[in-house]
Amino acid sequence: KAGVTQTPRYLIKTRGQQVTLSCSPISGHRSVSWYQQTPGQGLQFLFEYFSETQRNKGNFPGRFSGRQFSNSRSEMNVSTLELGDSALYLCASRDDRGGETQYFGPGTRLLVL
Amino acid sequence: GEDVEQSLFLSVREGDSSVINCTYTDSSSTYLYWYKQEPGAGLQLLTYIFSNMDMKQDQRLTVLLNKKDKHLSLRIADTQTGDSAIYFCAESGPGGSYIPTFGRGTSLIVHP
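Chains as they are written, first to last, in the numbering used here: chain A, 1 to 113; chain B, 114 to 225.
Derived from the structure by calculation, the hints contain no laboratory data. Note that CB positions come from ideal geometry on N, CA and C, so glycine has one too. Fair warning: there could be bad hints in the mix.
[Said to hold, decoys possible] Sample of chain A residues with no beta-carbon within 12 Å of chain B, all distances over it, derived:
{"hint": "1", "residue": "Ile12"}
{"hint": "2", "residue": "Gln17"}
{"hint": "3", "residue": "Phe47"}
{"hint": "4", "residue": "Gly62"}
{"hint": "5", "residue": "Asn71"}
{"hint": "6", "residue": "Gly84"}
{"hint": "7", "residue": "Ser86"}
[To be verified] Taking beta-carbon pairs under 10 Å as the criterion, some of the chain A residues facing chain B (in silico):
{"hint": "8", "residue": "Gln37"}
{"hint": "9", "residue": "Gly42"}
{"hint": "10", "residue": "Asn56"}
{"hint": "11", "residue": "Ala92"}
{"hint": "12", "residue": "Arg94"}
{"hint": "13", "residue": "Tyr103"}
{"hint": "14", "residue": "Pro106"}
Isolated chain B, as found in the complex (with noise of 0.2 Å):
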């Protein structure tokens, strides 16, 4: 079946970039996605990509699709104590009637 992993922590300076990667196994896949979810909150959608797409750019943040490797990043430039929070990302497609597939879910620490 589908399945979407992440590693489960990353610590980053404040100021730097910081790279949240996940892999997925449904060469179906339609949509993949990156959610936010600060303490106590439901999840905020913060963008997502075509599976025909290479890449897309949203201000501080880049989202990186290698279809052949089933491999997605995000990149948040200038990380702020503001981005700390769970990031999860997710995978949807016809195989899955468009349910999407979420991985455990990547906590970001930011530290001064």
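So that you can see chain A by itself, here it is in the shape it has in the complex (with noise of 0.2 Å):
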């Protein structure tokens, strides 16, 4: 099986931005969840989808979004991008049928300028 993947591997964006991450979980695999990591904070869960629904949430604010589509596909929304923002977001997806074991993509790795 073809692992997680995630588009797209590096962006550059200005403050003031919004930036849309794209997440292809593992087939099979309903749950996918989205953290990110930053060296000061290191990894912080921002939220869980499982069928197109949000079911956990992270203590982020409102600016970061995401959403999952029929086939597990999520992607993540970052609007008026700050320079804080910059930080590797990574993704995880779980088949959450007795498996809770999470597998990583590689990344985007994002800097806000």
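Fit the two chains together into the complex; they arrive one by one in their own frames, and the hints show the way.
Rendered as structure tokens:
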């Protein structure tokens, strides 16, 4: 099976812009979670989607949003970008049918100037 | 709330064993994980252990769990330069709806 894929891999934006990141989970996995990784804060959970519904949410402002499509692919959107949003954004998928283990994609590195 | 703590750095000589330690606070943890992250890459699942186990061995990797002390360790035997990476400990359980809580990561540096 192919692993979790994320596009784009690298992105440069300026403050105030918005950005959309995409994640394709492992085939058959219905749960997709998003994380933000920064040197200062480490890995922080953003949200989890399952069957097109947000099931869990971390402690991030409303500028961070996501959605999931019927094929389990997920997107996350960050509006009104701030310098502090520069980070590696990781997506992880999980089988959720007795398999609790998450498998991560390579991440999208976002730089906000 | 849940918290997972790890030491930040570990330096070992090639061929020696490495032991990376982790403590967690959530007593309802069901799964405990070790992930590896190489520079510029995502997280690679190395191994995991259920909370009702004490030990799990997988080739050069040995995981030890002391549930009473909420202490998890990862031992890498015959450490190689390719093992240089950041290692993350994580725990999950029903209290967090199985969303893992991660430690800050331990940077393992393997020198010749």
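*Closest CB-CB distance from Ile12/A to chain B, is it above 12 Å?*
For Ile12/A, whose nearest Cβ neighbour in chain B is about 16 Å away, the distance exceeds 12 Å, so it holds.
*Nearest-CB test (12 Å) between chain B and Gly84/A*: 18 Å, holds
*Taking the least C-beta to C-beta distance, is Gln37/A closer than 10 Å to chain B?*
9 Å, holds
*Is Gly62/A truly not at the interface, in the sense that its beta carbon sits beyond 12 Å from all beta carbons of chain B?*
Fine: 19 Å to the nearest Cβ keeps Gly62/A off the interface.
*Verify the interface restraint on Gly42/A: the C-beta must sit less than 10 Å from at least one C-beta of chain B.*
Holds: closest Cβ of chain B sits about 5 Å from Gly42/A, inside 10 Å.
*Go through the hint on Arg94/A and say holds or violated, using the shortest Cβ distance to chain B against 10 Å.*
8 Å, holds
*Just checking, Asn71/A versus chain B, shortest CB gap more than 12 Å?*
Asn71/A is indeed farther than 12 Å from all Cβ atoms of chain B, at 21 Å.
*asked:* Using the nearest Cβ pair, does Tyr103/A come within less than 10 Å of chain B?
replied: 6 Å, holds
*asked:* Over 12 Å from every CB of chain B: does Ser86/A meet that, or does the non-interface label fail?
replied: Non-interface label stands for Ser86/A: nearest chain B Cβ at 15 Å, farther than 12 Å.
*So, Asn56/A near chain B? Judge it on the closest CB pair being under 10 Å.*
5 Å, holds
*chain B contact restraint on Pro106/A - CB to CB distance below 10 Å*: Holds. Min distance 4 Å.
*chain B versus Phe47/A - minimum CB to CB distance exceeding 12 Å, so not interface*: Given a closest Cβ separation of 9 Å, the condition is violated.
Hint compliance for this structure: hint 3 alone is broken.
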